[in-house]
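From first to last, the protein sequence lines stand for chains A and B.
Residue numbers are given in my numbering: position 13 of the first sequence equals residue 13, and the series is strictly consecutive.
So the number in my numbering is just where the residue sits in the second sequence, counting from 1, plus 152.
These are computed hints drawn from the structure, not numbers from a lab.
It is possible that some hints are incorrect.
20 angstroms max Cα-Cα, derived PhoX-like pairs, lysine-lysine [stated by the list, open to error]:
hint : chain 1 : residue 1 : chain 2 : residue 2
1    : A       : LYS55     : B       : LYS240
2    : B       : LYS240    : A       : LYS68
3    : B       : LYS336    : A       : LYS68
4    : A       : LYS68     : B       : LYS234
5    : B       : LYS234    : B       : LYS323
6    : B       : LYS336    : A       : LYS81
7    : A       : LYS81     : B       : LYS183
8    : A       : LYS53     : B       : LYS336
9    : A       : LYS55     : B       : LYS336
10   : A       : LYS93     : B       : LYS285
11   : A       : LYS53     : A       : LYS35
12   : A       : LYS122    : A       : LYS81
13   : B       : LYS234    : B       : LYS246
14   : A       : LYS53     : A       : LYS97
15   : A       : LYS122    : A       : LYS35
16   : B       : LYS246    : B       : LYS285
17   : A       : LYS97     : B       : LYS336
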Amino acid sequence: MKSKIFKIIAVVIIVTLGYFAYMWFMPHRNIQNTKAFATIDATKLVNEFLSDKEKANNLYLDSEGESKVLVVNGIVANISKDQLGQKVILLKKASEKMGVSCTFTLDSNSQVDNLEVGNQIKIKGVIRSGAEYDEDLDLTENVIIEKCAVVN
Amino acid sequence: MKNLFLTLFLAVISITAFSQNDQSTTSGHIKIFSSTPAEDIEANNYKVISIIKPATGDVVFSVPMQSFEFEKALMQKHYNSKKFLDTKQFPKSKFKGTITNLSDIDFTKDGTYEAEVNGSLTIHGVSKDVSEKLALTVKNGNVTGVTEFDIVLADYGVIFKSGKPSTNISKTIKITANLNYTEKTN
Chain A
1 MKSKIFKIIA VVIIVTLGYF AYMWFMPHRN IQNTKAFATI DATKLVNEFL SDKEKANNLY
61 LDSEGESKVL VVNGIVANIS KDQLGQKVIL LKKASEKMGV SCTFTLDSNS QVDNLEVGNQ
121 IKIKGVIRSG AEYDEDLDLT ENVIIEKCAV VN
Chain B
153 MKNLFLTLFL AVISITAFSQ NDQSTTSGHI KIFSSTPAED IEANNYKVIS IIKPATGDVV
213 FSVPMQSFEF EKALMQKHYN SKKFLDTKQF PKSKFKGTIT NLSDIDFTKD GTYEAEVNGS
273 LTIHGVSKDV SEKLALTVKN GNVTGVTEFD IVLADYGVIF KSGKPSTNIS KTIKITANLN
333 YTEKTN
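Just chain A, with the same shape it has in the complex (with noise of 0.2 angstroms):
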């Protein structure tokens, strides 16, 4: 009886030990291996924040920040380098004011050195936040999503 006792015991502290671990070392989402919710153009995607960013947020966003997983498709309009050192590319087009905001990352950087203005690619990463426009102060804030890689 005594020994059925400890054993259920012991179970309990391990489990709880266990769970403990778990949300300690819980890893960050990878997001290339995520099953992307939508394929979606990004001037699309820029005019569905435009015209009702209450909805785009609700449909786009997550509560815990693991918001949706897009392909995006688009015409690459420029390419630069975040202060982290992480390339950056805008898909726009010329006639458009805002574009979709591409971060790659440290590992995911060489796959944009073949890359060029006026390229049409696809593009897979994690939706952060909007679009919106400032006519105040001429402010465009394009679409950004980071975590990127190019989809063959």
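With chain A fixed as given, assemble chain B onto it according to the hints.
Coordinates of chain B only, in the frame set by chain A:
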């Protein structure tokens, strides 16, 4: 004749230098830091949008809140959740203000200037008037900005009364921003 050309040349140069175009970035860096006896927590965001308009002194910051990366995945989830910053409801934090000592700053001349910026900071849907210093460095026509200040979470309606968060997260968060501006061309 030679002098005339030289005068014209210098005139053109000075007009160009004097035009003081807007300075902007879409990849500024902001670090948030919380320190308690229990633990130090840090998160970094490299997607900060900012504009400075030398003509009017307008300064704008826009911060996509979900772009903050924490070391621990669970911490990042908590930070984003409804109980904390509720980043689904409030995906961006914004600052809109003006430089009050604009005449002290020459965006066309190399040097370091301390801009006094007054304006409204909106975090978690709550706006508050703030007044902070922004160190601006002009070097070879490039402008960089650095600022560091503290915010009190409760001022922006982020309150935790009990449990682990109340002991492990500081009531005051240190914010450090580093911005490499480039001249806006449109």
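Each hint tested on the structure:
1. A/LYS55 - B/LYS240: 11 angstroms, holds
2. B/LYS240 - A/LYS68: The hint holds at about 12 angstroms.
3. B/LYS336 - A/LYS68: 31 angstroms, violated
4. A/LYS68 - B/LYS234: 17 angstroms, holds
5. B/LYS234 - B/LYS323: 18 angstroms, holds
6. B/LYS336 - A/LYS81: 16 angstroms, holds
7. A/LYS81 - B/LYS183: Since the Cα atoms of A/LYS81 and B/LYS183 sit roughly 18 angstroms apart, the hinted pair holds (cutoff 20 angstroms).
8. A/LYS53 - B/LYS336: 26 angstroms, violated
9. A/LYS55 - B/LYS336: 31 angstroms, violated
10. A/LYS93 - B/LYS285: 38 angstroms, violated
11. A/LYS53 - A/LYS35: 24 angstroms, violated
12. A/LYS122 - A/LYS81: 19 angstroms, holds
13. B/LYS234 - B/LYS246: Distance of about 19 angstroms is within 20 angstroms: holds.
14. A/LYS53 - A/LYS97: 17 angstroms, holds
15. A/LYS122 - A/LYS35: 15 angstroms, holds
16. B/LYS246 - B/LYS285: It holds: about 16 angstroms lies between the C-alpha atoms, which stays within 20 angstroms.
17. A/LYS97 - B/LYS336: With Cα atoms ~14 angstroms apart, A/LYS97 and B/LYS336 stay inside 20 angstroms; holds.
When each numbered hint is compared with the structure, violations occur for hints 3, 8, 9, 10 and 11.
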